[in-house]
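Asker: Sequence:
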Amino acid sequence: MGFHTIQENEYPKLLKEIGKDAPKQLYYKGVWDEAIFQNCLAVVGSRHMTIYGKQVVERIVSEVAAAGVTIVSGFMYGVDAEAHKTALSVGGRTIAVMPCGIDLIHPEHQQDLYMEILKNKGLVVSEYEGSTQPALWIYPRRNRIVAGLSRAALIIEAGEKSGSLITANLAKKFKRKVFVVPGPITSENSKGIMQLIKEGAEAINSADDILSIFGGRTSPKIKGEVRPRDIVEIKIIDQLRREALSIDIMSRNLGMPVAKMGTILSMMQLRGQIKQEGNKYYVN
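In full-length UniProt numbering, the protein residues as written are 1 to 284.
Honestly, I wouldn't trust all of these hints.
Claimed, not checked - In silico DSBU-like pairs for lysine-lysine, Cα to Cα no more than 30 Å straight-line:
1) 20 x 119
2) 54 x 24
3) 24 x 191
4) 173 x 20
5) 177 x 191
6) 161 x 177
7) 54 x 235
8) 16 x 172
9) 54 x 20
Simulated from the structure, these hints should not be mistaken for lab results.
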């Protein structure tokens, strides 16, 4: 764990630009380097994410993260957590801004995601030290950091009174671009999105619209290319389709250390590809 104050050169430049709204210090765990703050996109949305919302995150955030853009979110369940997971799934980097002290994991049930962020050169930050408990008044204050770190904000599913609207309004206040993805007009999660569109947010349907403000960079991955870890995952799924297996057996079958296999299996669980029951793994 470490921290940087607003007076230090290491403090994120974009966050410093929000003036009196900038926190005086940031506590952190993980890899703090200049690169992770260079091109950041805030991704927030409903805690009550629908299947449609999940599909949108997987489609758009995966391309943006694979292009080298850091995904910033608030670590809550729903769209926030899915954005973090999706960034990690394509080898991207992500920053989780916590609504509590730096020594706590909140929500507690997302401990696996928390550890995966740290294992994959991500960053967990908070303006609060130690074990400061989450509180209702902290969440909107946390949102100013999410927006302040980012060059733009993407809102995916938001109800009429969603906290994501606070992040969107803060992004506008900080002169940052606000993107939204339209949803079904019959959905409660579309009411906040429609309001943002009326207020001038840009409606998008692809990652290209977002990447244009980051220099129009495209993903370094060649279309159709399978990354080495993807090949391993394909082999794991092929084995599990035949029968449920333990981590020791899969490690032996693929000639891989148990620790490395554990990391891959954890990521596959986070993405919902497999599940664990007892000491065996199954395909979802």
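Asker: Each hint should be assessed against the structure and marked as holding or not.
Answerer: Cross-check of the supplied hints:
1. A distance of roughly 33 Å separates the Cα atoms of residue 20 and residue 119; the hinted pair therefore is violated under the 30 Å criterion.
2. Proposed proximity of residue 54 and residue 24 is contradicted: the alpha carbons are some 35 Å apart, above 30 Å.
3. With a C-alpha separation of about 35 Å, the suggested pair residue 24 and residue 191 falls outside the 30 Å cut-off, and the hint is violated.
4. For the hint linking residue 173 to residue 20, the alpha-carbon distance of about 12 Å falls within 30 Å, and the restraint holds.
5. At most 30 Å may separate the alpha-carbon atoms for a hinted pair to count; residue 177 and residue 191 meet this at roughly 20 Å.
6. With a C-alpha separation of about 21 Å, the suggested pair residue 161 and residue 177 falls inside the 30 Å cut-off, and the hint holds.
7. Of the pairs offered as hints, the one joining residue 54 and residue 235 holds, with about 25 Å between alpha carbons and a cut-off of 30 Å not exceeded.
8. In summary, the hint linking residue 16 to residue 172 is supported, as the alpha carbons are separated by about 16 Å, within the 30 Å threshold.
9. For the proposed pair residue 54 and residue 20, the alpha carbon gap of about 35 Å is over 30 Å, so the pair is violated.
When the structure is compared with the earlier hints, violations turn up for hints 1, 2, 3 and 9 and for no others.
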